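Student: Take the sequences, apply the hints, and build the full model.
In our numbering, the protein residues as written are 595 to 1135.
Watch out, some of these pointers could steer you wrong.
[Stated by the list, open to error] With a cut-off of at most 27 Å between alpha-carbon atoms, the simulated DSSO-like pairs for lysine-lysine come out as follows:
1. Lys1027 - Lys1039
2. Lys1100 - Lys810
3. Lys834 - Lys806
4. Lys806 - Lys731
5. Lys810 - Lys834
6. Lys997 - Lys873
7. Lys603 - Lys731
8. Lys664 - Lys654
9. Lys806 - Lys1100
10. Lys673 - Lys659
11. Lys1019 - Lys1033
12. Lys806 - Lys726
13. Lys873 - Lys726
14. Lys1100 - Lys834
15. Lys834 - Lys726
16. Lys659 - Lys731
17. Lys726 - Lys810
18. Lys603 - Lys654
19. Lys1039 - Lys1019
20. Lys1019 - Lys603
21. Lys654 - Lys673
22. Lys603 - Lys673
23. Lys603 - Lys664
Derived by calculation from the structure, the hints in this document are not laboratory data.
Quick caveat, the model's predicted, so the values are computed rather than measured.
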Amino acid sequence: MNALITSLKETATRTDATDLRAAFAADAARFDRFSLRFEDLLMDFSKIAVNDEVLSGLVKLAGEKGVAEKRAAMFAGEKINITEDRAVLHTALRNRANTPVMVDGEDVMPAVNQVLEAMGEFSEGIRSGSIKGATGKAFTDVVNIGIGGSDLGPAMTTLALAPYHDGPRLHYVSNIDGAHIADTIAGLDPETTLFIVASKTFTTIETMTNAKTARKFIAGALGEEAVGHHFCAVSTALDKVDDFGIDQSRVFGFWDWVGGRYSIWSAIGLPLMIAIGQKNFGAFLDGAHAMDNHFREAPVTENLPFMLGLIGYYQRVVLGYPSRAVIPYDQRMSRFAAYLQQLDMESNGKSVTIESEDVTAPTGPIVWGEPGTNGQHAFFQLLHQGTNVIPIEFMIAANGHEKDLRHQHQLLMANCLAQSEALMKGRTLEEAKAQLLDKGMEAEKAEQIAPHRVFTGNRPSITFVYDVLTPYALGRMIALYEHRVFVEGVLFGINSFDQWGVELGKELATGLLPVVSGDESAEGHDSSTRGLVAALLAAAN
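Tutor: This is the structure:
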């Protein structure tokens, strides 16, 4: 084991490094020393069980692992995705400085800007009504059909930025379950509905199955010749798009150096641009670009993504916490945890190193969450008193968009801060007994009940505070988490930019389709799969 990691593990067993209540009592400046700011964004990690010794060790470990060098390689367009021999350049998509970004000796920025300009023209045409459906009516509804990165990013950001919507209504279809598209189009008028089919290869089974259903919806109501008026595509497979009936002027491409879970900044963001407009989409890119510059330029100990990654690594590898919860106190951010699940777990859920050897330490954690205050009435019981310690990342804006509901936002803020304080402080047995006695409970009964009202405390949390959730602020926050995932991936020693784990199940599903359709035998599959097939076929109508 690395000597620095061994030292960090030893430090983590000492009370002075782990007792948060004592740490705050002993250091009145702890918040100031263990919090960082970038613009209006505050990251408070003072409620994490770290001290100067731990942070110093983590910074040294980052130096040993070459995080800064790999960061430079990523921004320079080097092919750091070694298993697919690709550059990793989602940052180029929001390169607002427009400085050259080279891949294989070619500056990619002219092509990036060309697609962005085409997206802008098309989205403004949809929003203004100058681009119409087959019957001459303006579009009132836009349905994005995609899955994974072609759905999670646009769907999450569209919901998060609802106060900025001044375009058509947006809908998202991802699941191959026919219920998803059936429920979505049930209330839509085919004359005023536009479909976006988002699939780089135009072969993704879920997306293309839903796209064919949508095509029947349009053709059945308006005729085959109407299809081209009611569809556009985000794809690079021009031949397949043409076969589907979509004109190439309505196709928006992207590149193999953009991974799906990093693609919201690309043409995959077209539905978001249609919802909030070109100017607000530009502000979204601006926020991400600002965080890119901060990540590249700020010293490690003042660098939010760098420090967030170091803390995440420490909690996963040194402290052994298998999970982390992301709790935005913002209802419109209710899909943010789901978005981070793909970003983090698809990136760092690996068990093989970049040297093609088995890892010898834990890698990416389970990422999950729900918005506050809803989560408080669902799973916070386990966070406070369960047997697993689960680090939490809170997010709260100082201001909501509903000016006439300021009191409700104050309640939201109070709950967020109360949870982080309660998780850190806890409640001792003596405090629990005293509280019960003060309420008039008999001593014998208080002795029995008090243990159930004990909170161990020392439950770690980070809290992010920002002024208000704007397109700029959201872009900045997403980029922060992208770079955090990168830092942790380098420390884990893995390739964060492939996703071979999604392949095997897809391959087996292809072979099982004729089996569950009753056209082929289940022979050759394991007994469990054969039994499940038999049960399904027996119950099928």
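Student: Please go over all the hints and tell whether each is borne out by the structure.
Tutor: Structure-based check of each hint:
Pair hint Lys1027 plus Lys1039 holds up; C-alpha atoms about 10 Å apart against a cutoff of 27 Å. With a CA separation close to 25 Å, the supplied pair Lys1100 and Lys810 stays within the 27 Å bound. Taking the CA atoms of Lys834 and Lys806, the gap is near 13 Å; set against the 27 Å cutoff, the hint holds. For the given pair, Lys806 sits about 23 Å from Lys731 by alpha-carbon distance, which is consistent with the 27 Å threshold.
Proposed proximity of Lys810 and Lys834 is supported: the alpha carbons are some 17 Å apart, at most 27 Å. The straight-line distance between the Cα atoms of Lys997 and Lys873 is roughly 23 Å, inside the 27 Å bound, and the hint therefore holds. For the hint pairing Lys603 with Lys731, the CA-to-CA distance comes to about 65 Å; that exceeds 27 Å, so the pair is violated. Proximity of Lys664 to Lys654 is assessed by CA-CA distance (about 15 Å); at most 27 Å being required, the pair is judged to hold.
The hinted pair formed by Lys806 and Lys1100 meets the criterion: a straight-line CA distance of about 20 Å does not exceed 27 Å. Note on Lys673 and Lys659: the hinted pairing holds, with a Cα-Cα distance of about 18 Å set against a maximum of 27 Å. Of the pairs offered as hints, the one joining Lys1019 and Lys1033 holds, with about 21 Å between alpha carbons and a cut-off of 27 Å not exceeded. About 21 Å separates the Cα atoms of Lys806 and Lys726, which keeps this hinted pair within 27 Å; it holds.
Taking the CA atoms of Lys873 and Lys726, the gap is near 22 Å; set against the 27 Å cutoff, the hint holds. Between Lys1100 and Lys834 the CA atoms are separated by roughly 21 Å; this keeps the pair inside 27 Å, and the hint holds. Taken as a hint, the Lys834 and Lys726 pair is honoured in the structure, with Cα atoms around 24 Å apart against an allowance of 27 Å. Pair hint Lys659 plus Lys731 does not hold up; C-alpha atoms about 58 Å apart against a cutoff of 27 Å.
Our distance criterion of 27 Å between C-alpha atoms is met by Lys726 and Lys810, whose separation comes to about 19 Å. For the hint pairing Lys603 with Lys654, the CA-to-CA distance comes to about 15 Å; that is within 27 Å, so the pair holds. For the suggested pair Lys1039 and Lys1019, the alpha carbons sit about 25 Å apart, so the restraint of at most 27 Å is met. Between Lys1019 and Lys603, the direct Cα distance comes to roughly 23 Å. Compliance with the 27 Å bound is thereby established for this hinted pair.
Our distance criterion of 27 Å between C-alpha atoms is met by Lys654 and Lys673, whose separation comes to about 26 Å. A distance of roughly 34 Å separates the Cα atoms of Lys603 and Lys673; the hinted pair therefore is violated under the 27 Å criterion. Pair hint Lys603 plus Lys664 holds up; C-alpha atoms about 26 Å apart against a cutoff of 27 Å.
This entry does not satisfy hints 7, 16, 22, going by the numbered hints stated previously.
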